[in-house]
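Asker: This is what each chain is made of:
There are 2 protein chains.
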Amino acid sequence: MQLLKDMIVEYGVVLPGNILKVDAFLNHQINPDLFMKMGEDFKEYFYDKGITKVLTLEVSGISMALTTAYHLGVPMVFAKKDVSKILDEEVFQAPVYSYTKGTEYQIKVSKSYLSEDDRVLIIDDFLANGQALAGLIGLCEQAGSHVAGVGIAIEKAFQDGGKRHRAAGVDIYSQARIKAFEDGQVVFED
Amino acid sequence: MQLLKDMIVEYGVVLPGNILKVDAFLNHQINPDLFMKMGEDFKEYFYDKGITKVLTLEVSGISMALTTAYHLGVPMVFAKKDVSKILDEEVFQAPVYSYTKGTEYQIKVSKSYLSEDDRVLIIDDFLANGQALAGLIGLCEQAGSHVAGVGIAIEKAFQDGGKRHRAAGVDIYSQARIKAFEDGQVVFED
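These protein sequence lines map, in sequence, to chains A and B. Going by my numbering, the first sequence opens with residue 1, and the numbers climb by one from there. Going by my numbering, the second sequence opens with residue 191, and the numbers climb by one from there.
Next up, chain A with everything else stripped away, as it sits in the complex (with noise of 0.2 Å):
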C-alpha cells in the first residue's frame, strides 16, 4: 500500500536493532485518514473471504481492525493481554513470548465472541517473529473458527514469522513489507 509506504519514509524512525519508530501516526499519535484507507485495503484484499468478524490484540492492532471491520460491514474483537496464567472458564487464552520484553503474556478473549461459526480476519500492526500472530491464532483454533486470513500492517520480511505462517498454509497480506533497514533508511520488497 503506497500511502502507507510513503508515511513510513516520512515519519518513520529508524532506531538500532532494528526497530522501526511509527509513533508519529501509527501506534501513538494516530492518522485518522490513513487508518480508513488501512481498512478500506484489507477489505479490497479480503472481501470474497466470507469474513464474520475481525479479530486484534490490545493496543496498537485496534484502531486499524475497527476500519476494516467498519469496511468489511463485521463486528471488531480484541483479545486483551494478561499476565495472570490463570486459567477462566469464560476465555480461551494462549500464551504469546515477547522478544522484545523477554517474558510470556497471555492474551485473553471471551468465549462469546469467537465460535465455531465464525470465519475470522486477524489483523495486526506489526508481523516480524510472529508470535503474538501464532497466539491469535491459537484462541481460533480454540473456539473452532475458521482463520479465513491475515492482515498486516508493517511486515519485517527479515524475521521470520510471516515465512512460517505461510507455510502452515495461512493467507498473509501485509500493506508494507520491509527487506531491510540500510544506513537508517528503510527497504521495501517489491
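Rather than coming from a laboratory, the hints here were simulated on the basis of the structure. Incorrect hints may have been included.
[As the list claims (entries may be wrong)] Cut-off 27 Å, straight-line C-alpha distance, at most; resulting in silico cross-link-like pairs (DSSO-like, lysine-lysine): (1) A/K21 with B/K301; (2) A/K111 with A/K85; (3) B/K211 with A/K108; (4) A/K111 with B/K291; (5) A/K85 with B/K270; (6) B/K291 with B/K233; (7) A/K101 with A/K81; (8) B/K233 with A/K43; (9) B/K291 with A/K108; (10) A/K5 with B/K301; (11) A/K108 with A/K163; (12) A/K111 with A/K43; (13) A/K101 with B/K275; (14) A/K37 with A/K21; (15) A/K111 with A/K5; (16) A/K101 with B/K298; (17) A/K85 with B/K291; (18) B/K233 with A/K85; (19) B/K275 with A/K80; (20) A/K21 with A/K179; (21) B/K275 with B/K233; (22) A/K43 with A/K80; (23) B/K270 with A/K80; (24) B/K369 with B/K275; (25) B/K239 with B/K211; (26) B/K369 with A/K101; (27) B/K369 with B/K227; (28) A/K21 with B/K227; (29) A/K81 with A/K108.
[Said to hold, decoys possible] To give an idea of the chain A side of the interface with chain B (calculated C-beta under 8 Å), a few residues: (30) D23; (31) I30; (32) M36; (33) E58; (34) Y70; (35) M76; (36) F78; (37) H146.
The C-beta atom is built at its ideal place from N, Cα and C for all residues, glycine as well.
Given chain A, put chain B in place with the hints provided.
Answerer: Only chain B this time, still in chain A's reference frame:
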C-alpha cells in the same frame, strides 16, 4: 444519543456493585457502525470548538476517539498506562487512581504530540469518579494545551466525576447519562 442508549438496554448487563458490562458492543467486541455514529455525534457537538487534536486513554477509549478524530479531520493521540513512576523527559505524565483496582497508575503521552497550540477534545468510554479524566486534563495542562471539551460515551451521573469537572468549567458532553441502576435495569437521565 438514542442509538447508544438502545444498545445499552439491549446488550448491556448490570452486575452487582453498579457495574455495567458493555463487552458485547463497546469494550471487547466492538460494533463499528455504532462507533462511526458515535464519532459523528461527538463531531456534531464539538464541530465549532476549533479542535486540533483528540486525546484519549488506552485501551477502551481508542476506537471512539479514532472515529471522532476521523469526522473532525484531526489527529488522535492515546495516552499510555504504565506502572512505572520513573520520570521520562520525553513524556507528559500524570497519576490516576483506580477505584476499581485500588491502585495508582501513571498515564503518559509523548511531548511530541501535545503542544500549547493544541485545542484538545478528550474522549473516553466511561465517566464515573472522574479520576482518569483528571489525569488526561493534567496532561493537557502540562503541555499548555487548551481543553476545548470532553466527550464521554457513558456517564454514571450518580457518581461525582461529571459534576466536579463541570463545576471547574469543563464542557462535558455525554452520549448516555445513567441516573441509576434499578432492579438490574438502567435508568437514563432525560
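Asker: For every hint, state whether the structure bears it out.
Answerer: Status of the hints after comparison with the structure:
no.: 1; hint: A/K21 with B/K301; in the structure: holds, 15 Å
no.: 2; hint: A/K111 with A/K85; in the structure: holds, 17 Å
no.: 3; hint: B/K211 with A/K108; in the structure: holds, 17 Å
no.: 4; hint: A/K111 with B/K291; in the structure: holds, 24 Å
no.: 5; hint: A/K85 with B/K270; in the structure: holds, 23 Å
no.: 6; hint: B/K291 with B/K233; in the structure: violated, 32 Å
no.: 7; hint: A/K101 with A/K81; in the structure: holds, 14 Å
no.: 8; hint: B/K233 with A/K43; in the structure: holds, 26 Å
no.: 9; hint: B/K291 with A/K108; in the structure: holds, 19 Å
no.: 10; hint: A/K5 with B/K301; in the structure: holds, 25 Å
no.: 11; hint: A/K108 with A/K163; in the structure: holds, 25 Å
no.: 12; hint: A/K111 with A/K43; in the structure: holds, 26 Å
no.: 13; hint: A/K101 with B/K275; in the structure: holds, 19 Å
no.: 14; hint: A/K37 with A/K21; in the structure: holds, 21 Å
no.: 15; hint: A/K111 with A/K5; in the structure: violated, 37 Å
no.: 16; hint: A/K101 with B/K298; in the structure: holds, 19 Å
no.: 17; hint: A/K85 with B/K291; in the structure: holds, 19 Å
no.: 18; hint: B/K233 with A/K85; in the structure: violated, 41 Å
no.: 19; hint: B/K275 with A/K80; in the structure: holds, 24 Å
no.: 20; hint: A/K21 with A/K179; in the structure: holds, 16 Å
no.: 21; hint: B/K275 with B/K233; in the structure: violated, 35 Å
no.: 22; hint: A/K43 with A/K80; in the structure: holds, 24 Å
no.: 23; hint: B/K270 with A/K80; in the structure: holds, 15 Å
no.: 24; hint: B/K369 with B/K275; in the structure: violated, 36 Å
no.: 25; hint: B/K239 with B/K211; in the structure: violated, 32 Å
no.: 26; hint: B/K369 with A/K101; in the structure: violated, 44 Å
no.: 27; hint: B/K369 with B/K227; in the structure: holds, 23 Å
no.: 28; hint: A/K21 with B/K227; in the structure: violated, 32 Å
no.: 29; hint: A/K81 with A/K108; in the structure: holds, 7 Å
no.: 30; hint: D23; in the structure: holds, 6 Å
no.: 31; hint: I30; in the structure: holds, 4 Å
no.: 32; hint: M36; in the structure: holds, 6 Å
no.: 33; hint: E58; in the structure: holds, 5 Å
no.: 34; hint: Y70; in the structure: holds, 4 Å
no.: 35; hint: M76; in the structure: holds, 4 Å
no.: 36; hint: F78; in the structure: holds, 7 Å
no.: 37; hint: H146; in the structure: violated, 18 Å
In terms of the numbered hints stated before, the structure departs from hints 6, 15, 18, 21, 24, 25, 26, 28, 37, listed from lowest to highest.
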